[in-house]
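Hey, can you work out the whole structure from these sequences and the hints?
Those protein sequences? They're chains F and B, same order as listed.
Under our numbering, the very last position in the first sequence is 85; numbers go up by exactly one each time.
Under our numbering, the very last position in the second sequence is 261; numbers go up by exactly one each time.
Just so you know, not all the hints are guaranteed correct.
Here are the simulated lysine to any residue pairs, SDA-like style, with alpha carbons at most 25 Å apart [claimed, not checked]:
1. B/Lys-229 - F/Leu-13
2. F/Lys-17 - B/Val-112
3. F/Lys-17 - B/Glu-255
4. F/Lys-41 - B/Leu-251
5. B/Lys-219 - F/Ala-24
6. F/Lys-38 - B/Asn-257
7. B/Lys-74 - F/Glu-55
8. B/Lys-219 - F/Lys-38
9. B/Lys-219 - F/Gln-8
10. F/Lys-41 - B/Ala-254
11. F/Lys-38 - B/Met-253
12. F/Lys-17 - B/Asn-257
13. F/Lys-41 - B/Lys-74
14. B/Lys-74 - F/Ala-24
15. F/Lys-41 - B/Gln-259
16. F/Lys-41 - B/Glu-256
17. F/Lys-41 - B/Asn-257
18. F/Lys-17 - B/Glu-256
19. B/Lys-74 - F/Ile-29
20. F/Lys-17 - B/Ala-254
21. B/Lys-229 - F/Glu-25
22. B/Lys-74 - F/Lys-38
23. F/Lys-41 - B/Glu-255
24. B/Lys-229 - F/Thr-30
25. F/Lys-38 - B/Glu-258
26. B/Lys-74 - F/Val-45
27. B/Lys-74 - B/Phe-260
Short derived list, chain F residues pointing at chain B, Cβ under 8 Å [stated by the list, open to error]:
28. Met-3
29. Val-6
30. Val-7
31. Arg-26
32. Asn-33
33. Leu-36
34. Lys-38
35. Val-45
With beta-carbon atoms standing in for the labels, derived distance ranges [to be verified]:
36. B/Val-246 - F/Ala-4: 29 to 37 Å
37. F/Gly-44 - B/Leu-202: 45 to 53 Å
38. F/Gly-62 - B/Cys-236: 49 to 57 Å
39. B/Glu-76 - F/Met-18: 21 to 29 Å
40. B/Leu-226 - F/Gly-44: 51 to 59 Å
Hints are computed from structural coordinates only; laboratory data are not their basis.
C-beta atoms are modelled at their ideal positions from N, C-alpha and C, and glycine is treated no differently.
As a plain string of letters, each chain reads:
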Amino acid sequence: MAIVVQLDVMLARRKMRSRELAERVGITEQNISLLKSGKVRGVRFDTLERICEVLQCQPGDLLEYRPDTGSAAEAGDEPAGAL
Amino acid sequence: MASKQETSNTQAAHRLRQLSWLVRLLILIGSPFLLTVPVLVVANPEWLVRIGMGEISGVSLRPLLVGEFTLAARLRCMLVSLVPVGLWAAALWQLWQLFACYGRQQVFTVRAVGHLRRFSWSLLVLAAVEPLARALMSVAISWDNPPGKRMLMLTLGSKDYQLLLCAAVFVTVAHVMAQALRMAEENEQFV
Numbered sequence: 003m004a005i006v007v008q009l010d011v012m013l014a015r016r017k018m019r020s021r022e023l024a025e026r027v028g029i030t031e032q033n034i035s036l037l038k039s040g041k042v043r044g045v046r047f048d049t050l051e052r053i054c055e056v057l058q059c060q061p062g063d064l065l066e067y068r069p070d071t072g073s074a075a076e077a078g079d080e081p082a083g084a085l
Numbered sequence: 071m072a073s074k075q076e077t078s079n080t081q082a083a084h085r086l087r088q089l090s091w092l093v094r095l096l097i098l099i100g101s102p103f104l105l106t107v108p109v110l111v112v113a114n115p116e117w118l119v120r121i122g123m124g125e126i127s128g129v130s131l132r133p134l135l136v137g138e139f140t141l142a143a144r145l146r147c148m149l150v151s152l153v154p155v156g157l158w159a160a161a162l163w164q165l166w167q168l169f170a171c172y173g174r175q176q177v178f179t180v181r182a183v184g185h186l187r188r189f190s191w192s193l194l195v196l197a198a199v200e201p202l203a204r205a206l207m208s209v210a211i212s213w214d215n216p217p218g219k220r221m222l223m224l225t226l227g228s229k230d231y232q233l234l235l236c237a238a239v240f241v242t243v244a245h246v247m248a249q250a251l252r253m254a255e256e257n258e259q260f261v
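Below, the structure is given as structure tokens:
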């Protein structure tokens, strides 16, 4: 998946444990763990809003786009003289 | 203080538990009557001829019987009756298990959808089996008649149509619930 979740970085910066975040956001600690490891299909906006409110950060601080090697190669592979 | 959403969810769960309890109570009340059908066929042949078959087909079966309704004939009829009774028992068992899942708030689960699917297919098979069972019953009743007086009676009534329609609806609902299960599983992967 090209979307990388930086939640563990933000938790370390705010010196907060996953359990506390889970309690304050209102989701289970298991879901926080899945989110940290990027093993979820998506995040609801209201969950994202509550996480940003608790961690005092922006969505961009939590999510980063890192294209896969294959798609990056396709994106950068332009034939000579294309412009 | 609980939010509106939480109150609504609690009320829905409570309603589902009540419905589950009610349906299982109905199954408990009806099952003993179902299981007595084969016994009644043997013990009270008048019931079979006058009510059991006559009511369902809408045609009197008295002309089928020439002479005494022997024990052998009653046993044959009992064996034939075991087929639809067995299928109804299997269908009711699946319905019981289904509403047990609903009572535990397990609506969109593989287990619940499986029970619904098996219940619906039991009904569909019953819709086909019941007319055949009645036909076999007419042969079983008239088997001891003198040659030339044995009969095979084929009947189709409005109740067969109603059962077939209900079964088709339940099969469709089971298919829709399987789709809903896939969506619920996908939804669970969102936090």
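Consistency of the hints with the structure:
1. B/Lys-229 - F/Leu-13: Violated, at roughly 66 Å.
2. F/Lys-17 - B/Val-112: violated, 79 Å
3. F/Lys-17 - B/Glu-255: Roughly 33 Å between the alpha carbons, so the hint for F/Lys-17 and B/Glu-255 is violated.
4. F/Lys-41 - B/Leu-251: holds, 20 Å
5. B/Lys-219 - F/Ala-24: violated, 80 Å
6. F/Lys-38 - B/Asn-257: holds, 18 Å
7. B/Lys-74 - F/Glu-55: With Cα atoms ~22 Å apart, B/Lys-74 and F/Glu-55 stay inside 25 Å; holds.
8. B/Lys-219 - F/Lys-38: Roughly 81 Å separates the two Cα atoms, so the pair is violated.
9. B/Lys-219 - F/Gln-8: violated, 86 Å
10. F/Lys-41 - B/Ala-254: holds, 17 Å
11. F/Lys-38 - B/Met-253: At roughly 23 Å apart (the allowed maximum being 25 Å), B/Met-253 and F/Lys-38 satisfy the hint.
12. F/Lys-17 - B/Asn-257: violated, 31 Å
13. F/Lys-41 - B/Lys-74: violated, 31 Å
14. B/Lys-74 - F/Ala-24: Distance ~22 Å between B/Lys-74 and F/Ala-24 Cα, so the pair holds.
15. F/Lys-41 - B/Gln-259: holds, 8 Å
16. F/Lys-41 - B/Glu-256: holds, 13 Å
17. F/Lys-41 - B/Asn-257: holds, 13 Å
18. F/Lys-17 - B/Glu-256: The given pair, whose Cα atoms are some 32 Å apart, is violated under the 25 Å limit.
19. B/Lys-74 - F/Ile-29: Measuring from Cα to Cα gives roughly 18 Å; hence the hint holds.
20. F/Lys-17 - B/Ala-254: violated, 35 Å
21. B/Lys-229 - F/Glu-25: violated, 57 Å
22. B/Lys-74 - F/Lys-38: Measuring from Cα to Cα gives roughly 30 Å; hence the hint is violated.
23. F/Lys-41 - B/Glu-255: holds, 14 Å
24. B/Lys-229 - F/Thr-30: Measuring from Cα to Cα gives roughly 51 Å; hence the hint is violated.
25. F/Lys-38 - B/Glu-258: holds, 16 Å
26. B/Lys-74 - F/Val-45: Judged against 25 Å, a Cα distance of about 23 Å means the pair holds.
27. B/Lys-74 - B/Phe-260: holds, 22 Å
28. Met-3: Cβ of F/Met-3 sits 12 Å from chain B, so the hint is violated.
29. Val-6: At about 16 Å, which exceeds the 8 Å cut-off, the nearest Cβ of chain B leaves the hint on F/Val-6 violated.
30. Val-7: violated, 10 Å
31. Arg-26: At about 14 Å, which exceeds the 8 Å cut-off, the nearest Cβ of chain B leaves the hint on F/Arg-26 violated.
32. Asn-33: This interface hint holds because 4 Å falls under the 8 Å limit.
33. Leu-36: holds, 7 Å
34. Lys-38: At about 11 Å, which exceeds the 8 Å cut-off, the nearest Cβ of chain B leaves the hint on F/Lys-38 violated.
35. Val-45: OK, holds: F/Val-45 within 8 Å of chain B, min 6 Å.
36. B/Val-246 - F/Ala-4: 29 to 37 Å: holds, 34 Å
37. F/Gly-44 - B/Leu-202: 45 to 53 Å: Between F/Gly-44 and B/Leu-202, where Cβ atoms are some 52 Å apart, the hint holds.
38. F/Gly-62 - B/Cys-236: 49 to 57 Å: holds, 55 Å
39. B/Glu-76 - F/Met-18: 21 to 29 Å: holds, 26 Å
40. B/Leu-226 - F/Gly-44: 51 to 59 Å: holds, 53 Å
The earlier numbered hints that this structure contradicts are 1, 2, 3, 5, 8, 9, 12, 13, 18, 20, 21, 22, 24, 28, 29, 30, 31 and 34.
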